[in-house]
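A.B. asks: Residue strings, one per chain:
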Amino acid sequence: MNSLRHLYRFDCPNAAVLRDYVWQDLDPATRQTVRQHLDVCPLCRDELSQLEAVWSESKPAAAKDELSRYQTALLRAKDFLENVRWVVATTVSGSSLETAGAFRADVHQVVRRPWSILLDAEETMISVVAVPDEQDCYTLTVHPLADRPSESMRCQLIPNRQDAPYMVADGRNENATFLSVPPGTTYWLCASPNRLCLRRA
Amino acid sequence: MQSWVVEFCREDDIRRSDELEDLMMAAFAAFWRGYTTEKLDKADGLGSVLRYLKSCVLTEVLQRRRKIRRRIREHHFDDVTSAGQPADEAIQAYSGQADAVDQVVLGRQEANHLWMLVDSCCSDPREHVLARLSFVCDLTPAMIISLLPHEFEDVQEIYRLRRNLRNRLMRNPELQSFEDTHS
Chain A
1 MNSLRHLYRF DCPNAAVLRD YVWQDLDPAT RQTVRQHLDV CPLCRDELSQ LEAVWSESKP
61 AAAKDELSRY QTALLRAKDF LENVRWVVAT TVSGSSLETA GAFRADVHQV VRRPWSILLD
121 AEETMISVVA VPDEQDCYTL TVHPLADRPS ESMRCQLIPN RQDAPYMVAD GRNENATFLS
181 VPPGTTYWLC ASPNRLCLRR A
Chain B
202 MQSWVVEFCR EDDIRRSDEL EDLMMAAFAA FWRGYTTEKL DKADGLGSVL RYLKSCVLTE
262 VLQRRRKIRR RIREHHFDDV TSAGQPADEA IQAYSGQADA VDQVVLGRQE ANHLWMLVDS
322 CCSDPREHVL ARLSFVCDLT PAMIISLLPH EFEDVQEIYR LRRNLRNRLM RNPELQSFED
382 THS
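Those protein sequence lines, which keep their order, are chains A and B. For the first sequence, position 192 matches number 192 in my numbering, and the numbering has no gaps at all. For the second sequence, position 147 matches number 348 in my numbering, and the numbering has no gaps at all.
Please note: incorrect hints may appear among the correct ones.
What the hints assert, rightly or not - Simulated crosslink set (SDA-like; lysine to any residue; CA at most 20 Å straight-line):
hint	chain 1	residue 1	chain 2	residue 2
1	B	Lys268	A	Asp11
2	B	Lys268	A	Asp46
3	B	Lys243	A	Asp11
4	B	Lys268	A	Arg9
5	B	Lys268	B	Arg372
6	B	Lys268	B	Asn313
7	B	Lys268	A	Asp25
8	B	Lys268	A	Thr30
9	B	Lys243	A	Gln24
10	B	Lys243	A	Trp23
11	B	Lys268	A	Cys12
12	B	Lys243	A	Leu43
13	B	Lys268	B	Val206
These are calculated hints, taken from the structure and not from any lab test.
Using the sequences and the accompanying hints, generate a full structural model.
C.D. replies: Written out as structure tokens, the structure is:
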């Protein structure tokens with residue numbers, strides 16, 4: 001089957017097309033075609049990420065601080081969401097330790113260490129901790145700040161313009177402002193490509 | 202610019218200084234073609250212009266890397282049936298060689314036709330995915346299992362499926378005819 005050699009990346013868009021995709025120079029139809037191809041081609045996805053890295057580096061100084069703060073937040077969120085896709089969490093007040101939900105880490109690489117997110121539920125600081133078990137499933141537990149594990153991640157809640165509030169992890173920013181989250185309310189923590197979201201279920 | 206090329210290139214990619222020069226020239230050409238006045242108007246400083254130039258350098262490096270990998274792959278296929286030159290020499294012989302447009306177009310048409318034949322031999326979506334990752338992306342079973350750990354049980358299963366698929370392809374008369382025409 002020598003002829004199979006002709007198949008190597010036969011339908012991949014030229015690297016210049018990927019560059020134009022990153023710089024948003026493509027017409028909508030071509031952009032859609034490239035996007036569909038990216039869904040099935042890990043090699044192009046890899047090249048695209050390299051081009052995106054160049055595109056996003058060394059932004060002008062004026063916007064640099066704000067961007068780096070935001071990017072740090074997104075990177076932390078992304079890092080967390082490497083392992084988390086969908087989580088249902090029930091925020092609670094008080095001192096009881098509760099299992100609020102579980103989620104699977106399918107498709108993603110599993111990091112075998114606990115992660116936590118801090119939420120502010122009406123002045124009661126609580127932490128949500130996700131710990132993988134032997135089956136690579138995660139159990140989500142909620143407990144008061146007093147029991148906060150040493151490894152934790154602060155989150156900033158930012159109002160969504162349209163519907164539910166969403167949350168962007170904000171690294172170690174001590175000045176983060178928090179929206180109040182009604183206790184006992186069920187939220188979806190969900191992953192968009194580069195954002196950690198908290199939505200009312 | 203040279204430092205960008207070196208940054209993007211792995212050791213096996215750029216072997217001679219004239220190739221490095223060629224890459225930089227090609228990147229400049231791509232920059233002049235792509236950096237329109239509209240982009241310049243929207244640019245928020247020199248940094249933006251340089252980022253585009255750097256993107257062009259990376260684009261040229263990526264495109265060249267693809268060609269080298271394709272050559273290596275063809276070389277490996279050649280090795281199956283004949284005593285070919287070492288891969289290293291094959292790459293050296295290939296470097297700097299430009300693809301004729303008609304060859305590229307014909308090659309793509311043939312590959313499209315071939316892929317349709319291969320695709321028609323796949324019995325289920327898993328085989329389709331496997332065929333694509335193996336023959337188009339040239340991934341090894343180990344790479345495939347790390348990419349899709351939940352799609353296949355283990356590496357052995359990928360080897361088995363791929364062997365079955367290859368056997369089926371070899372029995373396909375249309376593919377045989379394609380093989381005879383292009384051998």
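A.B. asks: Does each hint hold? Answer for all of them.
C.D. replies: Outcome of the hint check:
A C-alpha spacing of about 14 Å is found between B:Lys268 and A:Asp11, which places the hinted pair at or below 20 Å, so the restraint holds. Between B:Lys268 and A:Asp46 the alpha-carbon distance is near 16 Å, which keeps this suggested pair within the 20 Å criterion. Taken as a hint, the B:Lys243 and A:Asp11 pair is broken in the structure, with Cα atoms around 33 Å apart against an allowance of 20 Å. For the hint pairing B:Lys268 with A:Arg9, the CA-to-CA distance comes to about 10 Å; that is within 20 Å, so the pair holds.
Among the hinted pairs, B:Lys268 with B:Arg372 is inconsistent with the structure: their alpha-carbon atoms are about 30 Å apart, more than 20 Å. Note on B:Lys268 and B:Asn313: the hinted pairing holds, with a Cα-Cα distance of about 18 Å set against a maximum of 20 Å. About 24 Å separates the Cα atoms of B:Lys268 and A:Asp25, which puts this hinted pair outside 20 Å; it is violated. In summary, the hint linking B:Lys268 to A:Thr30 is not supported, as the alpha carbons are separated by about 23 Å, beyond the 20 Å threshold.
Between B:Lys243 and A:Gln24, the direct Cα distance comes to roughly 13 Å. Compliance with the 20 Å bound is thereby established for this hinted pair. Under the criterion of a C-alpha separation no larger than 20 Å, the hint pairing B:Lys243 with A:Trp23 is consistent with the structure, at around 12 Å. Among the hinted pairs, B:Lys268 with A:Cys12 is consistent with the structure: their alpha-carbon atoms are about 12 Å apart, no more than 20 Å. Distance hint between B:Lys243 and A:Leu43 is unfulfilled; the C-alpha atoms sit about 31 Å from each other, more than 20 Å.
Taking the CA atoms of B:Lys268 and B:Val206, the gap is near 17 Å; set against the 20 Å cutoff, the hint holds.
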